[in-house]
Amino acid sequence: EAGVVQSPRYKIIEKKQPVAFWCNPISGHNTLYWYLQNLGQGPELLIRYENEEAVDDSQLPKDRFSAERLKGVDSTLKIQPAELGDSAVYLCASSQRTSGRLSYNEQFFGPGTRLTVL
Amino acid sequence: AQSVTQLDSQVPVFEEAPVELRCNYSSSVSVYLFWYVQYPNQGLQLLLKYLSGSTLVKGINGFEAEFNKSQTSFHLRKPSVHISDTAEYFCAVSGAGAGTALIFGKGTTLSVSS
Numbered sequence: 001e002a003g004v005v006q007s008p009r010y011k012i013i014e015k016k017q018p019v020a021f022w023c024n025p026i027s028g029h030n031t032l033y034w035y036l037q038n039l040g041q042g043p044e045l046l047i048r049y050e051n052e053e054a055v056d057d058s059q060l061p062k063d064r065f066s067a068e069r070l071k072g073v074d075s076t077l078k079i080q081p082a083e084l085g086d087s088a089v090y091l092c093a094s095s096q097r098t099s100g101r102l103s104y105n106e107q108f109f110g111p112g113t114r115l116t117v118l
Numbered sequence: 119a120q121s122v123t124q125l126d127s128q129v130p131v132f133e134e135a136p137v138e139l140r141c142n143y144s145s146s147v148s149v150y151l152f153w154y155v156q157y158p159n160q161g162l163q164l165l166l167k168y169l170s171g172s173t174l175v176k177g178i179n180g181f182e183a184e185f186n187k188s189q190t191s192f193h194l195r196k197p198s199v200h201i202s203d204t205a206e207y208f209c210a211v212s213g214a215g216a217g218t219a220l221i222f223g224k225g226t227t228l229s230v231s232s
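Note that the protein sequences, when read in sequence, are chains A and B. The first sequence begins at 1 in this note's numbering and counts up one residue at a time. The second sequence begins at 119 in this note's numbering and counts up one residue at a time.
Derived by calculation from the structure, the hints in this document are not laboratory data. Don't take each hint at face value.
[Said to hold, decoys possible] In silico contact screen, one side only, chain B against chain A (beta carbon under 7 Å); selected entries:
id, residue
1, Ala135
2, Gly161
3, Leu162
4, Tyr168
5, Leu169
6, Lys176
7, Ala219
8, Phe222
9, Gly223
10, Ser229
C-beta: ideal position from N, C-alpha, C; glycine also.
Next comes chain A alone, as it looks inside the complex:
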């Protein structure tokens, strides 16, 4: 079974340019997450989707970041315009609720997109 797919793997742009990242989650996973990982830091949640609904976007800088998950499958994260401080790795993860007494969703991560803003 294919894992979480992200593209592009690397992106270099000039500041003030727009950029978009794409994520295709594992088939059947209804929950999708975008995380931001700055150099030397752990990932931080940007937005979480349940199917096509954004249920937690409190950490998404809405002045320049936007995301969508049309049809509840793949998702796109956009930055417009990009700033120098946006240089980081953008990780996508997906999960599916497990059955049983303990309600728990194991998150599977993609390889990430490394963005460099010059």
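We have chain A already, so just place chain B on it with the hints.
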């Protein structure tokens, strides 16, 4: 709210030596605890998790961790490391329940040399 503190940013160790990566968490509610590994230019891979039950959790690649509620710790251990264990290790916490996001520590770089 939850938070995670990884007490060591870098841990150098020789091959076949034991290692412990330390993690403390803070939370006012029940939590789930996780350790992830990240190899260079790759995504995160789950090593092990604690949801409930036995406080000693065994994971992949010979790693184990012990949940200590009184000390709010979840330290990761391996009795004998290999060169291939060189990677970044992240401790994470989430609220107990499905669908909540992970809160990660800043990571510990494990460097294994021969």
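Does B/Phe222 pass the interface check with chain A, least Cβ-Cβ distance below 7 Å? Holds. Min distance 3 Å.
Holds or violated: is there a CB of chain A closer than 7 Å to the CB of B/Ala135? 25 Å, violated
Once the shortest beta carbon distance from B/Ala219 to chain A is found, is it less than 7 Å? 4 Å, holds
Min Cβ distance, B/Leu162 to chain A: is it shorter than 7 Å? With a minimum Cβ separation of about 4 Å from chain A (threshold 7 Å), the hint on B/Leu162 holds.
Supplied contact hint for B/Gly223, tested at 7 Å Cβ to chain A: Holds - the Cβ of B/Gly223 comes within 7 Å of chain A, reaching about 5 Å at its closest.
Restraint check, 7 Å cut-off on beta carbons, for B/Tyr168 near chain A: 11 Å, violated
Can we keep the B/Lys176 interface hint, with Cβ of chain A closer than 7 Å? 16 Å, violated
Hey, does the B/Leu169 contact hint survive, CB to chain A under 7 Å? Check passed: Cβ of B/Leu169 comes within 5 Å of chain A, closer than 7 Å.
B/Ser229 as an interface hint toward chain A, with CB separation required under 7 Å: 15 Å, violated
Given B/Gly161 as an interface hint, is the shortest Cβ-Cβ distance to chain A below 7 Å? 4 Å, holds
The structure fails to meet hints 1, 4, 6 and 10 from the earlier list, while all remaining hints are met.
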